[in-house]
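Engineer: Each protein sequence line maps, in turn, to chains A and B. Sequential numbering from 1 applies to the first sequence in UniProt numbering. Sequential numbering from 1 applies to the second sequence in UniProt numbering.
Calculated from the structure, these hints are not laboratory results. Since the model is a prediction, treat every value here as computed from it, not as a measurement. Treat the hints with care, as some may be off.
Unchecked claim - Which residues of chain A face chain B? A few of them, derived with a C-beta cut under 10 Å, are: (1) TYR42; (2) VAL54; (3) TRP116; (4) GLU157; (5) PHE264; (6) MET265; (7) GLY299; (8) ARG300; (9) HIS367.
Claimed, not checked - Using C-beta positions, here's what the derived DEER-type ranges look like: (10) A/SER90 <-> B/THR323: 39 to 47 Å; (11) B/ALA12 <-> A/VAL344: 35 to 43 Å; (12) B/TRP302 <-> A/LEU14: 35 to 43 Å; (13) A/ASP64 <-> B/ASP304: 32 to 40 Å; (14) B/ALA12 <-> A/ARG237: 38 to 46 Å.
Stated by the list, open to error - So these bits of chain A aren't anywhere near chain B, every CB distance computed over 12 Å: (15) THR30; (16) ARG75; (17) MET91; (18) GLU125; (19) VAL140; (20) ASP177; (21) THR226; (22) VAL270; (23) THR290; (24) THR303; (25) ASP339; (26) GLY342; (27) HIS343.
Glycine is no exception: its CB is placed at the ideal position from the N, C-alpha and C atoms.
2 protein chains.
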Amino acid sequence: MDASLSSVSAPARLAADGEAVSHEELALATRNHGLPLEALRYDVTPPGLHYVLVHYDIPAVDPDAWRLGVDGLVRDALSLDLASVRAFPSMTARVTMECAGNGRARLEPRPVSQPWLVEAVGTAEWTGVPLSALLAEAGVAAGASDVVFTGADHGVERGVEQDYQRGLPLAVATGDDPPAFVAYEMNGQPLPPQHGCPLRLVVPGRYGMAHVKWLREITLLDRPFTGFQQSVAYRYRQTADEPGEPVDRINPRALLAPPGFPDFMSRARVVDAGPVILTGRAWSGFAPVTRVEVSDDDGRSWTDAEVDPPDGRRWAWQAWRATWEATPGDHMLTARAHDAEGHVQPIAQSWNRGGFGNNGAQQVPVHCR
Amino acid sequence: MDASLSSVSAPARLAADGEAVSHEELALATRNHGLPLEALRYDVTPPGLHYVLVHYDIPAVDPDAWRLGVDGLVRDALSLDLASVRAFPSMTARVTMECAGNGRARLEPRPVSQPWLVEAVGTAEWTGVPLSALLAEAGVAAGASDVVFTGADHGVERGVEQDYQRGLPLAVATGDDPPAFVAYEMNGQPLPPQHGCPLRLVVPGRYGMAHVKWLREITLLDRPFTGFQQSVAYRYRQTADEPGEPVDRINPRALLAPPGFPDFMSRARVVDAGPVILTGRAWSGFAPVTRVEVSDDDGRSWTDAEVDPPDGRRWAWQAWRATWEATPGDHMLTARAHDAEGHVQPIAQSWNRGGFGNNGAQQVPVHCR
Numbered sequence: 001m002d003a004s005l006s007s008v009s010a011p012a013r014l015a016a017d018g019e020a021v022s023h024e025e026l027a028l029a030t031r032n033h034g035l036p037l038e039a040l041r042y043d044v045t046p047p048g049l050h051y052v053l054v055h056y057d058i059p060a061v062d063p064d065a066w067r068l069g070v071d072g073l074v075r076d077a078l079s080l081d082l083a084s085v086r087a088f089p090s091m092t093a094r095v096t097m098e099c100a101g102n103g104r105a106r107l108e109p110r111p112v113s114q115p116w117l118v119e120a121v122g123t124a125e126w127t128g129v130p131l132s133a134l135l136a137e138a139g140v141a142a143g144a145s146d147v148v149f150t151g152a153d154h155g156v157e158r159g160v161e162q163d164y165q166r167g168l169p170l171a172v173a174t175g176d177d178p179p180a181f182v183a184y185e186m187n188g189q190p191l192p193p194q195h196g197c198p199l200r201l202v203v204p205g206r207y208g209m210a211h212v213k214w215l216r217e218i219t220l221l222d223r224p225f226t227g228f229q230q231s232v233a234y235r236y237r238q239t240a241d242e243p244g245e246p247v248d249r250i251n252p253r254a255l256l257a258p259p260g261f262p263d264f265m266s267r268a269r270v271v272d273a274g275p276v277i278l279t280g281r282a283w284s285g286f287a288p289v290t291r292v293e294v295s296d297d298d299g300r301s302w303t304d305a306e307v308d309p310p311d312g313r314r315w316a317w318q319a320w321r322a323t324w325e326a327t328p329g330d331h332m333l334t335a336r337a338h339d340a341e342g343h344v345q346p347i348a349q350s351w352n353r354g355g356f357g358n359n360g361a362q363q364v365p366v367h368c369r
Numbered sequence: 001m002d003a004s005l006s007s008v009s010a011p012a013r014l015a016a017d018g019e020a021v022s023h024e025e026l027a028l029a030t031r032n033h034g035l036p037l038e039a040l041r042y043d044v045t046p047p048g049l050h051y052v053l054v055h056y057d058i059p060a061v062d063p064d065a066w067r068l069g070v071d072g073l074v075r076d077a078l079s080l081d082l083a084s085v086r087a088f089p090s091m092t093a094r095v096t097m098e099c100a101g102n103g104r105a106r107l108e109p110r111p112v113s114q115p116w117l118v119e120a121v122g123t124a125e126w127t128g129v130p131l132s133a134l135l136a137e138a139g140v141a142a143g144a145s146d147v148v149f150t151g152a153d154h155g156v157e158r159g160v161e162q163d164y165q166r167g168l169p170l171a172v173a174t175g176d177d178p179p180a181f182v183a184y185e186m187n188g189q190p191l192p193p194q195h196g197c198p199l200r201l202v203v204p205g206r207y208g209m210a211h212v213k214w215l216r217e218i219t220l221l222d223r224p225f226t227g228f229q230q231s232v233a234y235r236y237r238q239t240a241d242e243p244g245e246p247v248d249r250i251n252p253r254a255l256l257a258p259p260g261f262p263d264f265m266s267r268a269r270v271v272d273a274g275p276v277i278l279t280g281r282a283w284s285g286f287a288p289v290t291r292v293e294v295s296d297d298d299g300r301s302w303t304d305a306e307v308d309p310p311d312g313r314r315w316a317w318q319a320w321r322a323t324w325e326a327t328p329g330d331h332m333l334t335a336r337a338h339d340a341e342g343h344v345q346p347i348a349q350s351w352n353r354g355g356f357g358n359n360g361a362q363q364v365p366v367h368c369r
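Using the sequences and the accompanying hints, generate a full structural model.
Structural biologist: Structure representation (structure tokens):
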């Protein structure tokens with residue numbers, strides 16, 4: 001905590017009852033962006049539609065001069081240029097990422113931060129090198145138990161100046177459930193600047209904060225990493241002074257691609273009476289989605305949708321569809337997901353001080369004529 | 001005006017004194033997005049960083065089945081597939097686009113719509129076919145005076161169901177100042193879905209509403225087009241009942257790439273004492289930018305920056321730079337542009353009911369240590 005930065009960097013806080021969304025929150029909402037919900041139609045999200053959350057600035061990078069360090073408790077510290085990273089055997093995985101703060105702006109009281117409503121998600125085909133291969137090349141030394149990933153993005157947050165850093169237990173970093181990897185391509189192209197060009201970590205099934213962008217260093221430690229983003233931010237807490245539980249896997253969620261056409265301002269939908277095909281996606285960071293239900297009365301009654309199986313793509317969203325018999329009047333559509341481990345998406349909001357992991361059901365107002 | 005749509009589509013309005021930014025405004029802010037200001041560093045904005053404003057939904061399109069119609073007062077109506085459009089001699093132009101609503105959220109009272117602060121801008125290399133070539137192929141009939149452009153995006157706005165449409169006088173559509181054209185590539189690649197795939201209109205120097213996306217029809221009329229987006233929306237008005245003046249050319253603006261590093265939440269900047277190179281971009285839809293001034297005391301005193309000439313790229317932003325001697329304490333940086341026609345960017349906001357054309361100077365709070 002650097003007191004000299006207090007004029008620019010305030011402590012975390014909750015909005016007061018009725019307090020307006022501030023220009024600071026709006027500045028985050030207009031520079032970061034979510035998935036326009038109609039883009040749920042694409043199996044793989046095109047660049048520019050996949051959600052983006054950048055903590056500090058997108059760094060100015062020179063890929064030709066980039067080095068990825070692997071150091072700390074290793075036999076041989078590495079400093080790899082991009083050609084050396086690409087020389088390892090590659091892997092490609094389709095992965096759904098979601099921001100841990102998705103749904104935050106719907107909470108009351110509202111945690112003051114990036115004000116997502118429901119749209120902070122996207123699915124891409126990431127190509128890169130398994131972490132296990134990089135760590136095997138460096139040689140993990142005895143006593144190593146944790147791995148820290150450091151990005152090139154530098155800033156201050158609640159008075160703490162930092163490069164963005166997150167840690168993983170060694171067993172997760174080198175395991176294959178999920179297969180964590182260092183990606184250099186998104187959808188078959190070099191990473192765009194806002195998605196971590198030239199390198200980012202991908203940890204399937206985990207909320208977005210784990211997928212360190214602009215990755216420049218991987219460091220082996222003999223103890224759990226306790227940096228700001230691990231032990232201060234990204235904790236499930238009810239009060240400011242408790243240590244809280246770590247934010248980790250993505251909670252189950254189903255999203256509807258809103259049917260019909262929208263009003264510009266309200267985003268409410270207009271459909272004609274008769275059968276309407278409802279489609280969407282569902283995912284869970286714990287286990288495959290086994291069931292999706294839809295409701296046209298804001299969750300009072302439910303109907304099962306047809307859900308595609310994961311089909312070998314364990315870490316990507318699954319498509320679903322249902323036919324809705326639309327009758328004239330105003331309706332509130334919603335959907336919820338169940339996964340194979342028995343997690344059921346709640347209808348209500350799940351409140352915590354950071355506004356994390358809120359998977360309360362989406363609400364889509366529809367006018368049928 | 002369709003009264004049956006009143007439950008989803010409300011009239012335009014101003015926020016009440018102190019009224020919070022609504023979930024509706026937030027939903028627009030999280031699905032559309034601005035340019036993260038550090039991306040001012042790129043001469044040409046990478047996809048995903050260029051601002052996007054979509055009135056309704058991004059349409060689902062099949063480029064192989066796409067047809068561009070040219071009809072109305074023409075000798076031979078055309079229905080062109082994409083290969084036929086691409087068979088015309090092509091042109092490429094670097095063009096800066098800005099949303100007419102940029103700066104709206106800083107106005108008091110606040111017009112309730114997409115709540116941009118200052119970031120709704122971007123510059124791309126667009127490649128396509130001059131409108132004059134398409135219209136010559138169809139043959140403009142005697143009496144034609146106006147051209148209407150229709151997109152495939154369908155929705156309702158203030159009770160009016162519509163496909164997005166905008167018009168241009170025939171002289172503008174076929175002139176070469178600016179050279180209006182139908183683009184099929186952005187930065188050398190097919191248009192992304194959110195930028196109008198497969199075809200969009202580009203009208204350099206005009207605010208974004210003129211650049212009709214998902215362009216499917218060009219119609220010649222013998223009278224000025226008076227559709228919703230021309231005569232109801234996108235007018236400079238002080239009161240709801242006056243006809244107002246049309247929104248057209250982009251007002252001059254300079255933007256600073258914020259120096260140093262940011263606080264996550266406030267986006268305020270931290271720099272070290274000593275010389276700091278300030279850089280940014282400036283543009284005007286009227287004429288080249290001839291002068292940019294910077295201030296470190298919120299506009300009380302000004303220093304001239306060095307401005308790059310347009311260098312043959314008349315419709316693109318111009319880079320500028322200045323050296324600032326940072327001294328410890330808190331400062332408010334700002335910048336303003338002058339163009340060759342004598343337009344000077346104001347420091348204060350320019351208020352109108354729609355929140356259009358507000359080019360009040362950017363404010364960048366900086367803490368120097």
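Engineer: Next, verify each hint and record whether it holds.
Structural biologist: Evaluated hints:
At a threshold of 10 Å, the smallest CB-CB gap from A/TYR42 to chain B is about 8 Å, leaving the interface hint in force. For A/VAL54, the interface hint holds, since its Cβ comes within 10 Å of a Cβ in chain B; the closest pair sits about 7 Å apart. For A/TRP116, the shortest C-beta to C-beta distance to chain B is roughly 6 Å, which falls under 10 Å, so the interface hint holds. Interface hint status for A/GLU157: upheld, as the beta-carbon distance to the closest one in chain B is roughly 4 Å, under 10 Å.
Hint status for A/PHE264: holds, given a least beta-carbon distance of 4 Å to chain B, under 10 Å. Contact between A/MET265 and chain B, as hinted, is supported at the beta carbon level, the nearest pair being about 6 Å apart and thus within 10 Å. Because the closest C-beta pair between A/GLY299 and chain B is about 18 Å apart, greater than 10 Å, the hint is violated. Proximity of A/ARG300 to chain B is violated relative to the hint, the smallest CB-CB distance being about 20 Å (cut-off 10 Å).
The interface hint given for A/HIS367 holds, since its Cβ lies 5 Å from the closest Cβ of chain B, which is under the 10 Å cut-off. Distance hint for A/SER90 and B/THR323: a CB-CB separation of about 45 Å, consistent with the stated range 39 to 47 Å. Between B/ALA12 and A/VAL344 the beta carbons are some 42 Å apart, a value that agrees with the proposed interval 35 to 43 Å. Between B/TRP302 and A/LEU14 the CB atoms are about 40 Å apart, so this pair conforms to the stated range of 35 to 43 Å.
Under the hint 32 to 40 Å, the C-beta atoms of A/ASP64 and B/ASP304, about 35 Å apart, fit the expected range. As the Cβ distance of B/ALA12 to A/ARG237 is approximately 42 Å, the hint placing it in 38 to 46 Å holds. At the 12 Å boundary, the C-beta of A/THR30 falls inside the reach of chain B, the nearest C-beta of that chain being 4 Å off. Against the 12 Å criterion, A/ARG75 stays outside the reach of chain B, whose nearest CB is about 35 Å from its own CB.
Even its closest Cβ contact with chain B, about 24 Å, leaves A/MET91 beyond 12 Å, as expected for a residue assigned away from the interface. Chain B leaves A/GLU125 outside its interface by the beta-carbon criterion, the shortest separation being 16 Å against a cut-off of 12 Å. Residue-level check passed: A/VAL140 sits 33 Å from the nearest beta carbon of chain B, beyond 12 Å. Non-interface call for A/ASP177 relative to chain B: holds, since the shortest CB-CB distance, roughly 31 Å, exceeds 12 Å.
Against the 12 Å criterion, A/THR226 stays outside the reach of chain B, whose nearest CB is about 19 Å from its own CB. Chain B draws A/VAL270 into its interface by the beta-carbon criterion, the shortest separation being 6 Å against a cut-off of 12 Å. Under the 12 Å C-beta cut-off, the non-interface status given to A/THR290 relative to chain B holds; the minimum distance is some 28 Å. The Cβ of A/THR303 sits about 23 Å from the closest Cβ of chain B, beyond the 12 Å cut-off, so the non-interface label holds.
Distance to chain B confirms A/ASP339 as a non-interface residue, since its nearest Cβ pair spans about 26 Å, more than 12 Å. Taking the minimum C-beta to C-beta distance to chain B, about 31 Å, the non-interface status of A/GLY342 holds against the 12 Å cut. For A/HIS343, the requirement that its beta carbon stay farther than 12 Å from each beta carbon of chain B is met, with the minimum near 25 Å.
In this structure, the hints that do not hold are numbers 7, 8, 15, 22, in rising order.
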